[in-house]
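J.: The primary structure of each chain is shown beneath.
There are 2 protein chains.
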Amino acid sequence: MAEIIPILKDNFDFEKQVKTLTNLCKHDLESVNTLILEKLDSSVPLIHEIASYLIISGGKRLRPLMTSACFHLNYNNQKKMMNHIGLAAALEFIHAATLLHDDVVDESMKRRGKLTANEVWGNKTSVLVGDFLFSRSFQLMTKYGNLETLKILSDTSVVISEGEVLELSNDKNLKINENIYFEVINGKTASLFSAACQVGGISSNANKSQIEALKAFGTNFGMTFQLVDDAIDYCSNKKILGKNIGDDFKEGKITLPIILAYGRSNQKEKNFWQRVISELKQKDDDFEEAITIINKYNCIEDTILRAKHFSNVAIDSLDAFKNNKYKDCLINLTETSIKRIA
Amino acid sequence: MAEIIPILKDNFDFEKQVKTLTNLCKHDLESVNTLILEKLDSSVPLIHEIASYLIISGGKRLRPLMTSACFHLNYNNQKKMMNHIGLAAALEFIHAATLLHDDVVDESMKRRGKLTANEVWGNKTSVLVGDFLFSRSFQLMTKYGNLETLKILSDTSVVISEGEVLELSNDKNLKINENIYFEVINGKTASLFSAACQVGGISSNANKSQIEALKAFGTNFGMTFQLVDDAIDYCSNKKILGKNIGDDFKEGKITLPIILAYGRSNQKEKNFWQRVISELKQKDDDFEEAITIINKYNCIEDTILRAKHFSNVAIDSLDAFKNNKYKDCLINLTETSIKRIA
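Read top to bottom, the protein sequences are chains A and B.
Heads up: the first sequence begins at 1 in my numbering, then just goes up one per residue.
Heads up: the second sequence begins at 343 in my numbering, then just goes up one per residue.
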């Protein structure tokens, strides 16, 4: 598959911001990791093995990071009502469970540069260990949360699975409209970020309008994150995200660049998309041809434009909080999440 | 596959008892059904379609029935603390979710005489709709339960998924010992019955020792139910359970009759089990041969003996409650659950 010349200026700003925020929340994240390790334990050795492979091995812990940051955004050493560490661990378990099931559904072979669990242990085991992680997350939120956080997290789980089924129902459907696609990625990505931010705020006794603000921040940050991810697949270099360029294309995955490109294509180009995406009949130089059409119609720029809209809403929603280093960092993180590509 | 002459005296006693109890709990079960229908609704049509196929179509609603019966076992028109209807619906959603994932893992083609969802819509959809049902159940228990019932139900979900993985880890392992097998069926079957009984009791303000009694009753009823189910596969007729005789055998599933038979077999017979179960290389008359060996070593009788033990414990645990028609019915149900076969 052809290597595309990256159009990026500064790939690593986002990574830098993640590191800065991770440092600010270091103590919390260490506690989250300790709790995760403890809760990966099971009397069934296979569960421990796979769950560890998935959870210990990788990932930036972005969702626990959001919970911790949103907790500290507002926390004033007042009496703590809830354990945001436990809730952050629950979020990471939900995230891991969805990754396991996603990889089964997408028939993915690699994640974060490693073989996926379904490749190593098979689909059956991945389905059941995903169920375990999901159950464990509910155990954690029952133990560490209250009825308000339980409602948010169980509602979020419903939205996630609805988003996944909605995506599957539109598999290879090039005519899916942008709005339905936004619903899909709200379910798949944004809703869990939103929950992560909300439970952080609730744990620090944020008021109602602040919790609404965090809900908006998380949702819009998540939308931004996913859209930039979509765009990267068609123009980035291999180093970002542990994700190979062209992965979405190879799987025939419908993402915003494709949706925009298909809508703007002439008949000949529409036939091309039909063949390579809907029928998944791909030849060696099809990826280059795809990029050519995508660029002809400015589909990456327009994907980023959508992402920029969501990032603007995310940043403005933080007005509900006083300035402090956590707020600065969340703003920088959101801004640089766009700069992963543009 | 050969038809085996049934050794049963009165197949339908159990069904009769289910009907009697269902009549006693009719009002509750109608409310549960209404709530289930309402909560099957989703903005994603595919979810509604599959979930309805699975949940509306069939099953005796045994778990909601247990919740309702255990609620009334103790209820004295005092102020209700919780909505046992909502919790009963949550239990049915958990049950449906595990059936969907089970059928994917077991590659089953039929359930209750109908094609399984994975046969109709594919494995991917079944995995994701199972996740939806599971999430929906947590939403319901968050709405209708309290921290005590949430703890029971989330703990139960962990036990269920651990049981499933434990079973998969021992797939085709003829040397699995009886104790590990009991752990598997406790997870797969008994734990959800136990939870169903407990939340019924908690909803009617049962005291601690009564809740312990219901926990024991549900667990031991579930163990009985599963062991009788195991035995039926090797000697019943086709009408019971909507399950075809020899299903477990055909799938090479390890159940107690096989575990007992393998342990008691001579080398030639052990080789037979190895071929037909572990290697799943089955010829036309292998099922008859399996029955012959199983009967030679009294493995059905001994499976029923184990079941009988659990049913005795179940019945005695109801001593914590005063006599009433619900108690009578639960005792009859437990006794006749054995008579499905012996």
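Simulated from the structure, these hints should not be mistaken for lab results.
It is possible that part of the hints are untrue.
What the hints assert, rightly or not - With a cut-off of at most 20 Å between alpha-carbon atoms, the simulated SDA-like pairs for lysine to any residue come out as follows:
| no. | chain 1 | residue 1 | chain 2 | residue 2 |
| --- | --- | --- | --- | --- |
| 1 | B | LYS466 | A | LEU280 |
| 2 | B | LYS466 | B | LYS517 |
| 3 | B | LYS557 | B | ASP670 |
| 4 | A | LYS172 | B | TRP463 |
| 5 | A | LYS124 | B | GLY605 |
| 6 | A | LYS124 | B | LEU622 |
| 7 | A | LYS151 | B | LYS485 |
| 8 | A | LYS124 | B | ASP513 |
Unchecked claim - Here chain B is said to cover these stretches of chain A; the calculated rule only asks that three of the stretch's residues, wherever they fall, bring their Cβ under 8 Å from a Cβ of chain B:
| no. | segment |
| --- | --- |
| 9 | 44 to 50 |
| 10 | 207 to 216 |
The model shown is predicted, which means the values in this text are computed figures rather than measured ones.
Glycine included, each C-beta is placed from N, C-alpha and C at the ideal position.
J.: For every hint, state whether the structure bears it out.
T.: Going down the list of hints, with the structure as the test:
no., hint, verdict
1, B:LYS466 with A:LEU280, "18 Å, holds"
2, B:LYS466 with B:LYS517, "32 Å, violated"
3, B:LYS557 with B:ASP670, "18 Å, holds"
4, A:LYS172 with B:TRP463, "16 Å, holds"
5, A:LYS124 with B:GLY605, "28 Å, violated"
6, A:LYS124 with B:LEU622, "18 Å, holds"
7, A:LYS151 with B:LYS485, "7 Å, holds"
8, A:LYS124 with B:ASP513, "11 Å, holds"
9, 44 to 50, "holds (count 4)"
10, 207 to 216, "violated (count 0)"
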